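S.K.: Here is how the chains run, residue by residue.
There are 2 protein chains.
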Amino acid sequence: MARWEPGARDRLGEVAMRLFADQGFERTTVAEIAEAAGLTERTFFRHFADKREVLFAGQDDFLQLFLEPIDAAPDGTAPYELIGRSLVAAGAFFTDERRAFARARAVIIAREPALQERELAKLATLKTRLGEVFGERGVGEPAATLAAEVGVMVFHLSFQQWITKGEKRSMATIAHERLAALTQLVTE
Amino acid sequence: MARWEPGARDRLGEVAMRLFADQGFERTTVAEIAEAAGLTERTFFRHFADKREVLFAGQDDFLQLFLEPIDAAPDGTAPYELIGRSLVAAGAFFTDERRAFARARAVIIAREPALQERELAKLATLKTRLGEVFGERGVGEPAATLAAEVGVMVFHLSFQQWITKGEKRSMATIAHERLAALTQLVTE
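Protein chains in written order, with UniProt numbering: chain U, 1 to 188; chain E, 1 to 188.
Hints are computed from structural coordinates only; laboratory data are not their basis. Bear in mind that the values here come from a model prediction, so they are computed numbers and not experimental data. Where hints are given, some of them may not hold.
To be verified - The list that follows gives simulated cross-link-like pairs (lysine-lysine, DSS-like), each with its CA atoms no further than 27 Å apart:
id, chain 1, residue 1, chain 2, residue 2
1, U, Lys165, E, Lys127
2, E, Lys122, U, Lys122
3, U, Lys122, U, Lys165
4, U, Lys165, E, Lys168
5, E, Lys127, E, Lys51
6, E, Lys122, E, Lys168
7, U, Lys127, U, Lys51
8, E, Lys127, U, Lys122
9, E, Lys165, E, Lys122
10, U, Lys165, E, Lys165
11, U, Lys51, U, Lys122
12, E, Lys51, E, Lys122
13, U, Lys122, U, Lys168
14, U, Lys127, E, Lys51
As the list claims (entries may be wrong) - Reference excerpt, derived from the structure (chain E facing chain U, CB under 7 Å, subset only):
id, residue
15, Leu63
16, Pro74
17, Ala78
18, Pro79
19, Pro142
20, Ala147
21, Phe159
22, Gln160
23, Ala181
24, Val186
25, Glu188
To be verified - Derived CB-CB ranges, DEER-like:
id, chain 1, residue 1, chain 2, residue 2, range
26, U, Thr128, E, Asp96, 24 to 32 Å
27, E, Ala92, U, Ala73, 39 to 47 Å
28, U, Arg18, E, Gly38, 58 to 66 Å
29, E, Glu68, U, Arg98, 55 to 63 Å
30, E, Glu68, U, Ala121, 30 to 38 Å
31, E, Ala180, U, Thr29, 50 to 58 Å
Idealized CB from N, CA, C, for every residue including glycine.
Model the full structure from these sequences, guided by the hints.
M.R.: Next up, the structure:
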């Protein structure tokens with residue numbers, strides 16, 4: 001049995017983020033991360049499948065953030081209302097404590113095309129799942145696909161704003177504002 | 001002076017598309033395209049900067065398709081109305097003659113991540129330019145960026161439908177339907 005390393009995951013994550021920021025994601029090895037954290041590579045791999053997982057951990061949890069509020073909504077709730085509930089409820093995950101990490105992460109991802117592709121794939125998966133969920137709730141086409149596109153678009157725009165330097169408002173507030181702007185765009 | 005090759009550009013384009021479809025884009029060389037078309041590489045390069053341009057010619061024209069109808073609209077036209085005018089007017093470019101090419105092109109692009117990235121970059125440029133144009137017309141933020149996102153999203157969804165097997169309706173008809181679905185999503 002491996003010795004229990006209190007806080008090892010957090011320490012490895014923090015050290016990895018610092019190294020990715022300083023010397024680039026591609027150039028950073030797991031051996032370097034482990035050494036800088038004063039831990040072994042084996043400990044690293046107990047917590048992360050690979051170095052990319054430092055940036056992309058919790059894909060399933062990420063999807064559930066958006067899908068659970070929809071599952072919880074009464075039958076017959078209009079799709080746009082579902083999008084609003086989903087974004088506002090998911091917003092609670094994006095706490096102020098996460099904002100600094102999200103900003104550092106965005107800088108690292110912006111520098112590496114392969115990471116950008118991975119990030120886009122994450123949003124594409126969310127879009128696909130949302131479309132399926134709307135379909136299962138009886139929303140036809142093209143409305144289900146369109147609603148999924150709208151949901152991911154508003155999330156993405158809100159997230160970009162949330163990590164903008166100087167932005168202090170919560171994710172839920174920003175998402176709400178973006179949805180209101182969309183409603184205004186379409187109705188005026 | 002080079003000898004005039006009547007129809008050389010069309011012939012090179014057709015041969016290139018066939019080779020890309022049969023053996024993949026990456027594996028196909030300009031030398032092969034020229035040889036299969038019974039022309040020289042030099043002739044190829046008089047018509048295309050590189051083999052990628054067979055798939056991505058006319059980027060500026062593509063942008064103008066969407067921007068000109070907006071430029072032509074009276075001051076004070078609401079952004080959503082501008083999106084509608086832009087998409088319906090641009091739709092005239094996507095003729096039935098182009099549809100077979102667009103379908104073959106989509107299959108080739110779907111197979112190569114680098115081409116997908118190029119295609120996404122094309123849509124990203126359209127999004128940026130639309131956002132700028134809305135801004136120049138006095139639309140504030142976040143409305144201008146949101147309107148640009150909506151325009152590109154509806155175009156992209158409409159285009160995907162337009163190239164779907166069996167689809168016979170015009171691009172303008174499909175774009176109109178997608179916009180109506182968006183209006184319904186947001187208002188009901």
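S.K.: Which of the listed hints are broken here?
M.R.: Numbers 4, 10, 14, 15, 16, 21, 22 and 29 - these are the hints that the structure violates, sorted from lowest upward.
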